[in-house]
Every structure is written in C-alpha cells, then in structure tokens.
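**Q** Listed here are the chains, written in short residue letters.
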Amino acid sequence: MSEQSLPHSLDDLKQAVQQVLERAADQGATSAEAAVSSDVGLSVTARLGEVETLEYHKDQGVGVTVYFGQCKGSASTSDLRTEAINEAVEAACRIARYTAKDPCSGLAEAELMAYDYPDLDLDHPWGIDAEQAIELAREIEAAAMDVDQRITNSDGGSVNAYRGGWVYGNSHGFVGGYVSTRHSLSCTVVGEQDGGMQRDYWYSASRKPEELEGAESVGQRAAERTLRRLGGRRIGTQQAAVLFSADVARSLVGHFVGAIRGSALYRKASFLLDQLGEPVFPEFMHLHEAPHLPGALGSAPFDSEGVRNMAKDLVKDGVLKTYVLDSYSACKLGLANTGNAGGVRNLIVEPTAGDLDSLVRDMGTGLLVTELIGHGINMVTGDYSRGASGFWVENGELAYPVEEITIAGNLRDMFQGIQAVGSDVDLRGSIRTGSILLDRMMIAGE
Amino acid sequence: MTQALDFARAHILSPSGLDEQSLGSVLSQLLGPTIDYGDLYFQLSRSESWGLEDGIVKSGSYNIEQGVGVRAISGDKTGFSYSDEILLPALMDASKAARAIAHSHQTGQVQAWQQPSGHHLYLPMDPLGSLSEQDKIDLLHRADAEARKLDPRVSQVNVSLAGVHEVMLVAASDGTLAADVRPLVRMNVSVIIEQNGRREQGSAGGGGRVGYEYFIEDDRGMDYVREAVRMAGVNLESIEAPAGTMDVVLGPGWPGVLLHEAIGHGLEGDFNRKKTSAFSGRIGEQVAARGVTVVDDGTMENRRGSLNIDDEGTGSQCTTLIEDGILKGYMQDKMNARLMGVDSTGNGRRESYAHLPMPRMTNTYMLAGEHDPEEIIASVDKGLYAVNFGGGQVDITSGKFVFSASEAYLIENGKLGAPVKGATLIGNGPDVLTRVSMIGNDLKLDTGVGVCGKDGQSVPVGVGQPTLRVDGLTVGGTGG
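Residue numbers (the working numbering), protein chains in the order written: chain C, 1 to 446; chain P, 1001 to 1480.
These aren't lab readings, by the way, just hints derived from the structure by calculation. These numbers were taken from a predicted model, which means no experiment stands behind them.
Mimicking DSS-like on lysine-lysine, the simulated pairs with C-alpha atoms at most 25 Å apart in a straight line are: (1) Lys1328/P to Lys1444/P; (2) Lys1454/P to Lys1275/P; (3) Lys101/C to Lys1149/P; (4) Lys268/C to Lys316/C; (5) Lys1149/P to Lys1058/P; (6) Lys321/C to Lys332/C; (7) Lys1415/P to Lys1444/P; (8) Lys332/C to Lys268/C; (9) Lys101/C to Lys268/C; (10) Lys1274/P to Lys1328/P; (11) Lys101/C to Lys1058/P; (12) Lys1058/P to Lys332/C; (13) Lys1058/P to Lys268/C; (14) Lys268/C to Lys321/C; (15) Lys1149/P to Lys268/C.
Quick list of the computed label-pair ranges, beta carbon to beta carbon: (16) Lys208/C to Ala1112/P: 43 to 53 Å; (17) Leu1123/P to Gly236/C: 51 to 61 Å; (18) Ser263/C to Glu1194/P: 10 to 20 Å; (19) Glu446/C to Lys1275/P: 26 to 36 Å; (20) Gln1114/P to Thr82/C: 37 to 47 Å.
Glycine residues also receive a C-beta, built at the ideal position from the N, C-alpha and C atoms.
Using the sequences provided together with the hints, build the complete structure.
**A** Here it is, written out as structure tokens:
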C-alpha cells in the first residue's frame, strides 16, 4: 500500500481490454471499444487532533461499447473476472440488438488514433503510509486551529493519495494507456463570532507529492479564509461590478466549455450556437488548450476515444476558433473531430492584468465573489443566477464580508463584459484561470 | 424481510462460498477491545438505461456492480476498506485494513445474529425485467411522438428510461443480519421548443421503487411529456425575473426541495454531533412558524426515497424533525446516534459498498395546513409564485441555502402575472421557516426524481410540501 502499487499492472489492463474486444468480436460485433481502469487510494481525515476516518480505496472498472453496423450498446462492470467481463460484453451486444441505426454511431476514424503517444510525466506515487498520513492531517488541522481563537471547531485536515491506471483500446488495433497520480491536502475549519458560524476551506492538489503546499500553509489559509468571512452581512439589491476570485472564476470558464461542447451544440442546447468565428469574449482575451503539459492535472496523452489530441486555440482575440468535439458530435455537426472526447484538458485563460489585489483596486467599487452555491444556470439560454458570498469592495479595498445574496446575468453578456483576467492563476484543476473582473451583474440582496 | 435475506444469501453469499459463520469470523477478527462496532456491507446491483434522441433510441447501457465494504468504528474514529471481490481472503484483507484505525490485535465477540424488523414498502422484484426490451423502446418512441404532436414548435426531444435492481446484505458486530432488495426506476423527458429564434427547455419525469409498468399505468409517462412541453411553452413567454427581497408563494410537491436544503441537511446527526450545523444544540427551540410540522419518512410505499431497512440494517422510520414550529429531532445513523446517546432513526445510508454510511434524508416533507392555495396567492400584493425548481445547495454551518426556480410567475395584487425566467432563491435555513405565513391544504410529494449529494455520495430521495407563503425571500433575478 505504501508504495501505491496497483493491483493490476498496465499490461494486465491491456490484456483485459483485448479480452473484451475479442469477446465482442466472438459475439458478432463489427467493432468495439473498451476502457479498463484500476485505482488505489489512501484517504485520511484528522479532526480535533485525532484521526477520524482512514479509508483505503481500491476501485476497478471495465466499460465496453459494441457496434453492430450502426447500432450500439454499452455495458460496464466493477468486476474484472472473466465471467463478469463476458456478462458485460453480452449485455452490451443484447442492447445493440434493440438500439436504432444511427449514421454517426461508431469508433473515431482509424487515422486519428494516437498510435505514438507521449509520456506526460503523470505518475508520481506517494510512498506515504497510514501513520504518516494521519500525522500530516493532524499537522494541517493544528496549523489552522492555532491561527486565531475564533477558530472554534473543525471538519478536519485531510490527506489523499491516489494512483490509477487506465487503458483504452478499440478494434482499429489501438491500445494505449497510462498511469497517473493525484494527491491532495485539504482543511476545513469553523469560526465563530457574535453567535454566527462560518466555515471555509483550502486545498492543495498535484500529481507530484513534493509539489503540494506545506501542511502549515494549507491549514493557515483555511483558517484565514474562514476568519475573513465572520461578520458577513447582506447588501442592497443593485447592479455592480463583480470580481470572481480565481477558484470560482474556473466555474465561469467551465460554463463556456459546456456551451461549445459538441453534445450541447448538436442538441441545440447551448447559448453559443453558430458562434464559430464570432466574437464571444472581448478582443483582448485568448483561451487555449494544452493537453500535453508535462505533469499537469488536466493532461492526457490521447482523448478517451484514443484520438490524438493537441494544443489549440479555443478563443483568439476574443473570437471562437473551434468547438470541442468527439467523433459522434463531429459527425452530427459535419465538422472535424477535435480530439476532445472526455472534455478539454488544461484549458488556459491567458492573464491580461495583475494579481487579485490589483484587480480589486481596478474595480474600485463592487463585489468580490469568493464562493458560489446552487446550480442556477440555463445552458440553453445562458441565463445565470447563483447564490454568492464574498466581500464588498470600496475605494479599491475589501470593506466587509457579504453573504446571502445572489448574482445574476446572462452568460453571453457576462463573457462580453469581462474587463480583465488576473495573473493569480489557480493551477489546481484542468481549467487554469486567474480572477475574472466583470463590468456589472445584478445583485439581489436586501 | 426474510424473503430478501434468503434472496441475498442465495445471490451474494452462496456463490462466494460464504455463510453466517464465515461472516461471524470476519467480524470477530475485525473487532477488538478498542473497536466498538464493525460491519460488512454486501451489495449486488444491476442497472440499465435507455436513451432516445433525434427520434431514435440510439443508446443503451448496462452496469454490473458488486462488492463488499468493511467498516470498523472505535469511538468517533472510522476505518474503512472495500473490495469488489466477495471472497473470504479479500474480506479478511479488507477487515485488517479497516481495523488499522485502532492499535490492537485481539479479537472480539460478535453478538448473536438477529434480524431487525423492517418494512414491506416495495416488492423485492427486478424492475429490469418488468417490461420487455421492445416495450421499453416503444414507450420511449411514444413519448417522442406525443411531444411532437402536442406542439409543432418542439425541436428536440430527449427521453430516458433507467432501472436499478439492487440487493444489499449487512452483517454487523451488534448481531444485525439483514437484507433488502431494492427496485428503482426513473423516466425523464426533456424538450426544447423554438420560436422566432428563441429556444427554451422544459423537463419532467418521475419514478419510484416499482417496475417500468408504472410509466404505462395511468398514462404517467405521457403526463411527463405533457408537463415538459407545457413548461417549455411557459418559459418561451417568460420575462426577466425580479431581483430583491419579496414575498414568495411556493407551489406544492417538488418545491419541497426548500425543506431539504433549508433545514434537512442541517438536521443530520453528523453535523450536529460535531456542532458544525447552524441547528446544533437547538432541540426544543422554535425554528419555524407555528403550524409548521416537518417529517422525514422512509416508510412510504413505493417511493423513491423509501427503504425497508437503511444501509446499516435499521428499519426506516417516520421521524418528526419539526413539530408545530419546534425543533424535535435529528436524523441519525448508528455511529452518530451512539455518540449522541440516542437511537438510530434509520437514516444510515451509503451510495454503495465503496462508500461510508452517514445520516441521510429519505422522503422529507411538510404536513398540510388549512389554507386554500388560491387564497394564498390572493394574499400577496407583489411577489413571486414559484412552482418548479431545479436543484439546491446549502452551507450547513452558516445556514445559507439556495434553490433554483425553473418555472415561476409574478404575483401582482393577488393575481398571477407573467411567467419569469429561472432565478435562484436564497435564504437563511434557521430563520426561513419562521417566515412561513400561510400553509396550504394541498400536500403533494414530488414525482420521484430527487437525487441528494453529500460528501460526494449520491442517494435517491423524495421531498414534498403543500403550497406555502414565505415572507421575504431573496429572489435572484436580473430585473430591477
């Protein structure tokens, strides 16, 4: 366990993929594709100085899709034994007997396969054992509890170490796979002031254990984030400039990706239909995808259909340069596959301004949003309305914490209304953006 | 219950050469002087889904999941491990890992097996086989045709049908040996209507712990279609939603998501034991207006959130959370109940064998009052009438919660006005129910589509309420 050795090697997983493909062929499938995964993880939480949970994770899965001409069926199982795999393949074949012919159904074209894919330096196992992880989790939490006596309670400090192997193959003869790791430290604490409680958290995540933030820093930042929320109040209903801090700005960029995704476009369920070549952001904005960044959290050497993926501009000078498509949606839209089955990997929003402090100064008066709750986003119309908390900004400085308000607008206008993207880029996910300043949104409060 | 236990023995234990005796020996290895409690949770689940799009059933999938989770508890410490192999060596390994939470190498005594009393709220049937594949396909096609017939402006129709056949068996060191067979089906319809370049969506669905024939009986499946088309049509006429604090009338049924977010999560035992909930230590206090009674009821027949026994083997209950405005109780699983010195309320639930149980809701609803719904709307001078919602979310520590309306109308001078665009409503859980000023006589439960997420685990739930007037909720529209 402490070496994070996988119960199934990549070769085992490749064999399982071959077994699935052969079984599908035996059943009469004209083509098939399969993915097999095997993951291990250790997850520890310490709360109020003592270990609270110690979890050992060991997951595996097989997913298969079979095609009989243009009819398809899918199945999956968490059981890698031969009988279970056979049962899954048979179930997929049975389903394919009932699904209708779909002209776009099938594997991605053979010539797109990433037969020669790069090693992206994604595998960095963490040789931490349960005892050490518990000690580290304790240190994280202790650092948070020590910051201020108003930190009165805790949801704990946590340490997570994950390693997983993933192999994809299809009947073009492509079989590829890789092992990757993801580790994180996190902390959530509760603060109290004048009878009101607030909690906030901080986390650090990386594929490399040595690149994680220090335990003390994670705990302290969690405490500082909690403390600054104490004494939150509401503000009046008004229109104002809104600054999304980098961690919440990521969700805004996520809505953009959701709107240019093939599956939303061919269903006409996107507010960015027919926008290819059109300005969707201000001219100073550039967004690009870098799927092969070595060691990055969003990196992958090929997409989830085995297709070669490559760096590309999504938005240049504010203009939408490409949609993000897999083989099916590309066919539906009559466009070329962009190698985005499974999503966008390392989407980078290029900074146009200084750090968060400088954006707060630039904004002068308005709302800095540091947390969003709820799901009030209509992807068909772009209408946006979510619960928010953060800080009211006056004279370019944080004036007081704000809570129990909503912010609303329409995503198309919000994207066009971006004033600046900060240099405070958050690297903890597949979308990399700094804080984003919008000209104005409707705030509902008192 | 005995039937379920026999079924689980035959389908989970016997094929792996396991019996009560071997479970007993795994549990006694798990126990020790410092381990208070241990359990083994076996699960076998078969699920499927079918999807129609562009007028054809283009996709279908089938999922097989099985495994066993092993948990050891020492005070408030939990050790957990799981395996997808239901075999004795794997179980022994998992139990060794789980018991690493406590430093001891002795074994303990497992209580004599006893079968807890549960309910017979649904049949131990396999819903996947309740309709032939061809009949499932036909149902999807009929839904598509109905949507297009109802309104020629319908440009997209997506219909899905999903079913789960789940068998669980739990064996615990306190002697619990119990099993349940849990069917669950769901149908969803989503349409897009297009007119003059404007597109709007409407969706509806339902289900429960029944077979697929539920969607054919009483024409329920086609009712979902009619509802989705109606809602998209309404949204096509919608104007900007207002922004600011106003009086809000919530419709009956699914708007009960208010209760789930505003108070439900805050009354789960784990948060209250740790005192991280805005409701911690408030039992006996008034947290809602007089007349407000809210229960969590896992014992309703065939409902999506119902359970014969929870995932720890405790029979589900109808737990009163708030009675006539006074906070009465929390929802508990075994561990939090023990640490708080109370009994489990049958709310110990987990997404699967690979997840730890925790206190979760089942079907949460408010009892009916005496007002006629029309009378409630007529009582509002200027406000919002919200009848359909998407999801919601809560910060249980600050108590702030949101839920997002997907169909709402202005109220002006006691009369319904124009429909408005979707908007998020935000409030403060501990005080929102004190501002309930009228309760309708039209209690309704939702149609059976709820999914609740907590700590990354999803479980099926239900909600319900009568028409309610809430004074001074904040509505997050874009209008001035």
